[in-house]
Amino acid sequence: MKGTEAFEEIIPLLTDEPVIHANGFICRESFNLKDREGNFYMIGSMGLASSIGLGVAVSRPDQKTIIIDGDGNVLMSMGTLAMIAAAAPRNLLHIVIDNEVYESTGRQGTLSSSVALDDVAKSVGYTHTKRVTEKEQIKSAYQELIGKEGPSLLLIKVEPSFDKATGRVHHTPEEITSRFMKALG
Amino acid sequence: MLSSKIFSELLSSKGFNFYSGVPCSLLSGLIRILDDDPQTPYYPAVREDAAVGLCAGAYLAGKLPVLLMQNSGLGYCLNAFTSLNLIYKIPVLVVMSWRGEDGKDAPEHIIMGEINQQLLQTAGMEYSVISADNYEESLDKALQKIKEGLPYTLLVGKGFFDEGH
Ligand SMILES: Cc1ncc(C[n+]2csc(CCOP(=O)(O)OP(=O)(O)O)c2C)c(N)n1
Ligand SMILES: [Mg+2]
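The listed protein sequences derive, respectively, from chains A and B. Going by the numbering used here, the letters in the first sequence line up with residues 1314 to 1498, in that order. Going by the numbering used here, the letters in the second sequence line up with residues 8 to 172, in that order.
Accuracy of the hints is not assured; some may be wrong.
Stated by the list, open to error - Lysine-lysine pairs mimicking BS3-like chemistry, simulated, CA-CA at most 30 Å apart:
hint : chain 1 : residue 1 : chain 2 : residue 2
1    : B       : 111       : B       : 21
2    : B       : 96        : A       : 1495
3    : A       : 1495      : A       : 1347
4    : A       : 1495      : B       : 154
5    : B       : 96        : A       : 1477
Calculated directly from the structure, the hints in this document are not laboratory data.
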């Protein structure tokens, strides 16, 4: 499956959840397929989508919160997985689009080709983890995890598929903040 | 010396209600008080930039966050401050201990102690060096900046707070 196909499967499953996106390709793909006010597009601060998502989740315990992360981003802030496990927000689903490369900067390999990020999450204490490799598996895996008490991690193994023509997020960072906060209410 | 208890009560009275950071001995009393009180939830971070992210998320979800850290963590945070807080207008109150002030400290603190103010200035991060005389005024200034969506740092020298160990 291509990265884009993973987004095509996930996006229709979203309802009112705040979704914090990792930088690079992740933001751009999601934005271009379907822009949502509840999407936080983190265009800089590589590695911090997970901690931002954790901050939202613990502050809004009754609101299911989703992080869409990249393997390079997760590897940069692997300690945040421990923070998530320790804070244990039941309402947090951490999705990782794992293409085993830093796709946004030219497909240099990441360590996730030899390090299983779902195993890392499991061993630090995420309550549920799942790995999918086929797009047909995404919907049921997502529904299973979103219905359980987290923190959960859904690792989606994809092939690199970034099209350089995919446009950048065209909201300003300030607009992203204000619309996200408004959507969260 | 200011009592950490009084300072934590002051923070609460100003509306701060979310805390994260990485410990410094100079802030140990303050962190203990925050951590012990369920009214002032303190989320330990593994590194200072992760605390910046955590505080940013909390702010987006309606909290007023405080980040407690040693100046040695400033380098880790610069990318987060410049490519998240400053451009997204996501404020945070940073309480940063100043190790290496006046060139008197363990060797690992000397260089950062000398340059931390310049680093903050260069990054466009406003700050005050707080003292017994100006801490309330500095906190009000910080609140003003936070209302404008900007992060603000209170630099705290050795001996300002009572230590908790
Ligand atoms: C601190 C920092 N280092 C490097 C970069 C350059 N950079 C932008 S996106 C990216 C790759 C992100 O990798 P991953 O999370 O796997 O997402 P992918 O691009 O594969 O979708 C890199 C290295 C950056 N933005 N910030
Ligand atoms: Mg990747």
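Checked hints:
A threshold of 30 Å between alpha carbons decides the hint, and for residue 111 of chain B with residue 21 of chain B the separation of about 34 Å lies outside it, so the pair is violated. Distance restraint check for residue 96 of chain B and residue 1495 of chain A: the Cα-Cα separation of roughly 15 Å lies within the 30 Å cut-off, and the hinted pair is therefore satisfied. For the hint pairing residue 1495 of chain A with residue 1347 of chain A, the CA-to-CA distance comes to about 18 Å; that is within 30 Å, so the pair holds. Simply put, residue 1495 of chain A and residue 154 of chain B have alpha-carbon atoms about 17 Å apart, close enough for the 30 Å limit, and the pair holds.
Among the hinted pairs, residue 96 of chain B with residue 1477 of chain A is consistent with the structure: their alpha-carbon atoms are about 29 Å apart, no more than 30 Å.
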